[in-house]
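**Q** What follows is the residue order along each chain.
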Amino acid sequence: MSAGNVAEARATRVAERRRPAMSLCAAAYPIAVALLLASLLLGVVIGPADIAPADVVRVLLHHLFGVDLGAPPLADTIVWQIRLPRVLIAGLVGCTLAYSGAAYQGVFRNPLADPYLLGVAAGAGLAATVVIVGPVPATWGHVSVITLAAFSGALAAVFLTYAIARAGGATPVTTLILAGVAVSSLATAATSYLMLAKQQDTLAVLSWLLGGFNDSGWHEMWFILPYTVPAGAVIFLHGRLLNVMQLDEGQAQQLGVDVERAKLVVLVAASLASAAAVSVAGIIGFVGLIVPHVVRLAVGPDYRRLLPLSALIGASFLILADLGARTAISPGELPVGVITAFMGAPFFLYLMRRQRRAYF
Amino acid sequence: MEPMLQVHGLHVSYGARPALRGVDLSVASGEVVGLVGPNGCGKTTLLRSVTRLVPWRAGAVTIGGVPAERLARRELACRVAVVPQSPHLPPGYTALDIVVMGRTPRLSFLQQEGADDYRVARESLARVDALPLVGRPVDELSGGECQRVVLARALAQGAPLLLLDEPTANLDIGHQIAVFQLLRELAERERLAVLVTIHELVLASLYCDRVALMAQGAIVADGRPADVLTAEHVASAYGARVVVLDAPHLPAPVVIPYGDRGRGA
Amino acid sequence: MRIGRLYWITMMLVAAFAVVATACGGGGSKSASPTATSAPQSAFPLTIDGSDGQKLTLSQAPHRIVSLSAHFTDILCALGAGDQLVAVEKYANCPAGGHAKPELDAYQPNLEAIASYQPDLVYVFSDTGNLVEALRRTNTNVLYLNLPTSLSGVLDQIDLFGKLTGHAAEAASLEKSLKGRIDAVTQKLTDVTTGPKVYHELDSTYYSASPDSFVGDFYKTLKADNITAGATDEYPQLSAEVIVQRNPDVIVMADEGQGVTADSVAARPGWGAINAVKNHRICSLDPSLVSQPGTKIADALEALAKCLYPDRFK
Numbered sequence: 248m249s250a251g252n253v254a255e256a257r258a259t260r261v262a263e264r265r266r267p268a269m270s271l272c273a274a275a276y277p278i279a280v281a282l283l284l285a286s287l288l289l290g291v292v293i294g295p296a297d298i299a300p301a302d303v304v305r306v307l308l309h310h311l312f313g314v315d316l317g318a319p320p321l322a323d324t325i326v327w328q329i330r331l332p333r334v335l336i337a338g339l340v341g342c343t344l345a346y347s348g349a350a351y352q353g354v355f356r357n358p359l360a361d362p363y364l365l366g367v368a369a370g371a372g373l374a375a376t377v378v379i380v381g382p383v384p385a386t387w388g389h390v391s392v393i394t395l396a397a398f399s400g401a402l403a404a405v406f407l408t409y410a411i412a413r414a415g416g417a418t419p420v421t422t423l424i425l426a427g428v429a430v431s432s433l434a435t436a437a438t439s440y441l442m443l444a445k446q447q448d449t450l451a452v453l454s455w456l457l458g459g460f461n462d463s464g465w466h467e468m469w470f471i472l473p474y475t476v477p478a479g480a481v482i483f484l485h486g487r488l489l490n491v492m493q494l495d496e497g498q499a500q501q502l503g504v505d506v507e508r509a510k511l512v513v514l515v516a517a518s519l520a521s522a523a524a525v526s527v528a529g530i531i532g533f534v535g536l537i538v539p540h541v542v543r544l545a546v547g548p549d550y551r552r553l554l555p556l557s558a559l560i561g562a563s564f565l566i567l568a569d570l571g572a573r574t575a576i577s578p579g580e581l582p583v584g585v586i587t588a589f590m591g592a593p594f595f596l597y598l599m600r601r602q603r604r605a606y607f
Numbered sequence: 015m016e017p018m019l020q021v022h023g024l025h026v027s028y029g030a031r032p033a034l035r036g037v038d039l040s041v042a043s044g045e046v047v048g049l050v051g052p053n054g055c056g057k058t059t060l061l062r063s064v065t066r067l068v069p070w071r072a073g074a075v076t077i078g079g080v081p082a083e084r085l086a087r088r089e090l091a092c093r094v095a096v097v098p099q100s101p102h103l104p105p106g107y108t109a110l111d112i113v114v115m116g117r118t119p120r121l122s123f124l125q126q127e128g129a130d131d132y133r134v135a136r137e138s139l140a141r142v143d144a145l146p147l148v149g150r151p152v153d154e155l156s157g158g159e160c161q162r163v164v165l166a167r168a169l170a171q172g173a174p175l176l177l178l179d180e181p182t183a184n185l186d187i188g189h190q191i192a193v194f195q196l197l198r199e200l201a202e203r204e205r206l207a208v209l210v211t212i213h214e215l216v217l218a219s220l221y222c223d224r225v226a227l228m229a230q231g232a233i234v235a236d237g238r239p240a241d242v243l244t245a246e247h248v249a250s251a252y253g254a255r256v257v258v259l260d261a262p263h264l265p266a267p268v269v270i271p272y273g274d275r276g277r278g279a
Numbered sequence: 037m038r039i040g041r042l043y044w045i046t047m048m049l050v051a052a053f054a055v056v057a058t059a060c061g062g063g064g065s066k067s068a069s070p071t072a073t074s075a076p077q078s079a080f081p082l083t084i085d086g087s088d089g090q091k092l093t094l095s096q097a098p099h100r101i102v103s104l105s106a107h108f109t110d111i112l113c114a115l116g117a118g119d120q121l122v123a124v125e126k127y128a129n130c131p132a133g134g135h136a137k138p139e140l141d142a143y144q145p146n147l148e149a150i151a152s153y154q155p156d157l158v159y160v161f162s163d164t165g166n167l168v169e170a171l172r173r174t175n176t177n178v179l180y181l182n183l184p185t186s187l188s189g190v191l192d193q194i195d196l197f198g199k200l201t202g203h204a205a206e207a208a209s210l211e212k213s214l215k216g217r218i219d220a221v222t223q224k225l226t227d228v229t230t231g232p233k234v235y236h237e238l239d240s241t242y243y244s245a246s247p248d249s250f251v252g253d254f255y256k257t258l259k260a261d262n263i264t265a266g267a268t269d270e271y272p273q274l275s276a277e278v279i280v281q282r283n284p285d286v287i288v289m290a291d292e293g294q295g296v297t298a299d300s301v302a303a304r305p306g307w308g309a310i311n312a313v314k315n316h317r318i319c320s321l322d323p324s325l326v327s328q329p330g331t332k333i334a335d336a337l338e339a340l341a342k343c344l345y346p347d348r349f350k
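Heads up: the sequence lines are chains B, F and D, in that order. So the first sequence is numbered by our numbering: it starts at 248 and just counts up by one. So the second sequence is numbered by our numbering: it starts at 15 and just counts up by one. So the third sequence is numbered by our numbering: it starts at 37 and just counts up by one.
Just so you know, these hints were derived from the structure itself, not from any lab. Each hint should be verified, as a subset may be incorrect.
To be verified - Okay, derived cross-link-like pairs now, DSBU-like style, lysine-lysine, Cα gap no bigger than 35 Å in a straight line:
{"#": "1", "chain 1": "D", "residue 1": "K126", "chain 2": "B", "residue 2": "K445"}
{"#": "2", "chain 1": "D", "residue 1": "K91", "chain 2": "B", "residue 2": "K445"}
{"#": "3", "chain 1": "B", "residue 1": "K445", "chain 2": "D", "residue 2": "K233"}
So here's chain B without its partners, still in its complex pose (with noise of 0.2 Å):
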């Protein structure tokens, strides 16, 4: 073999081992579902109240099936109406965070975007620490004010962002990503300043900023599911638009792609999804950066895999992390933004030093 051929071979060795494996793309479906029942029986069975394993069992049994197999009356309380539905809301906004964070970072073509970028977190925030500290009683009924002040609040920062940026017709990423940081800045100022105004709501206002999914209930799940379900179908059906917009946008458009609009519709379900997350669940940081590129490391940067993919991962993720936030300091509870960023970063620094390739 001349020296030629050898360094030939080698390269495409060296090629071939830095592709993900075809084997993991294959199994990816299936190993990311089994961790999403894995997460979700672990999160129903584990908890800071001490019930045993067959208990919850049979408190799911009854009432799936109408099964009456004598569970006791507290447990049935605590697993049927503050485990399960605490689990599955985690659940919802960690997959809806990590699609959506992969959908931004498919538009902006930017590694560093996440769902926060347009000023859904600094909207939602504001509008909650204007509920919090303002006259306004945080439920009215069975209403949670501050979630709708949240969601309003998501939508009127981005609904703000995209007016500034819009320039004739089209509304170039860079533009969009400065207003975004803008409109953020501003928010966080204000709810940094009203925050600290009136000491004895501090509290309060810190600990919804925080995020965490202590008062979740069955209210909370139907809120969130009417957004994150069609957007979540909406994002995936533009899977194969957004690997073309991984060309500059020239390209794209030279190739028939509705820029724009496809720009437009995939920013919008987003954050529509992403404000309902937000106001559900507080501002939760990491799941929306950091899942899809776990993701594209493991399988590549194809959009019709990386959302689908990216939404069960940061499910298990998220309620994998509430498991922690419930258990760590029983019978206290911690952020589970703390969590997230104790569990993600070390495992994310672990994968970039095995795959040395950027994505970007």
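Mind docking chains F and D on chain B? Use the hints.
**A** Just chains F and D now, kept in the frame of chain B:
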């Protein structure tokens, strides 16, 4: 027979700066037209205007007899395929992934690429002599290999009008010849209309049916290579001293730099 | 007489020496806690151990006090020492009757603003932004004492503040009255072995008070079983399912200002199963009664006693 591409009196400005001043150009099916001119004369702008990436202030562009502004994005992409200059290719995608994106104009929103589309993509890669690159991530390819991948993508689009912006900029001479031979084949056998901007005037002489010389946003000469690529035209457009060589076996006279360092001089 | 003159000179020298010795050796007594001497006026010079380990010695009662703690203001006003204050932090002020004092921000203290009052004593309960060091560098007397975490701690502080301001008599009588009311409550509970399980809610996101906190001390005094037992923080956030599992008999809401009502508590997911909700034993407590460890401890204890033992306290 009406030309595939017709540009009439096209005026384009970037803000206050005019880029195209009343450009007239036509490209017929089965013809390879070379667009030459010094840097900044408007060649790329002309190509971008045809695909409506750049709006025009006045003038008309007709593609296959239909005014370009009446065509929807997807219809336009079905008729015009573009090979841009140094396009960005996102890392992680394989060459095949990129080429099959050329089928995008033919797919409706919910459709995914099918076996047929992948077959066309492989064939296109084979035609540009890049089939071994099929599974390679594009971030590992050389500039020349990337250029061929993008050319394959344009071929996969299957459009009757092909616009190329300096497609041989990064290619070695073997591949330069191969690309232009391919363009001639596409024009003669498949009756594509080909408009290609070139820097290498030799290639323009050897492979183009017609040459249009641009300077400062307007076409200053349009015709056979022998009539356009004369020493006077080149000197006035490029400000360069050249020599025109003719040889019996060449299809047209070729322009080469004058070269102050002559043998024995 | 010659012997007589020598005797007088010796006596005078001894007397002079005694006076000088008393004057020099009397300051800087090293007692660990400020113990009361026989007469209130000789409380000075007074040495107090600060919570940061530094000692503060005062030679006389301060008359230009800046208070950066609501409870300190509260106690001083109750002792009639209100006119010794020149500025107070903005969440407490002497009740109308005394003129309202200029206000400062205790959570974001401004050194210049404080210094402009030329205080001879500044009281702080926490060292935000290195304020204590900055004050000491300007040679200002700083009394840095943490907030008391028990009822007896409050009484001790009342005693100390009385001596500090030269109002020891008023302090003694205030202590006596508060202690009397506290004893009146605890005496009615001598036969109680374990009181009801109680959940004290500070905030609508389930922040509560652990038994080691100031608020927790009320429940300890009332022999109630605080469900926050086992938590690591003084004011931990509890998990919803823990609250439901530990099933408190009484819920005390100290967060009405956030729109929390007995109905909204009952509507929380899963809370309908809690004894306190089923038996309608949800009391609301004015947060200001337990928010500062001051003169309202007896009011607070009585209110909580009524809430926890409605049959014994009307």
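**Q** Report the numbers of all earlier hints that the structure fails to satisfy, in ascending order.
**A** none
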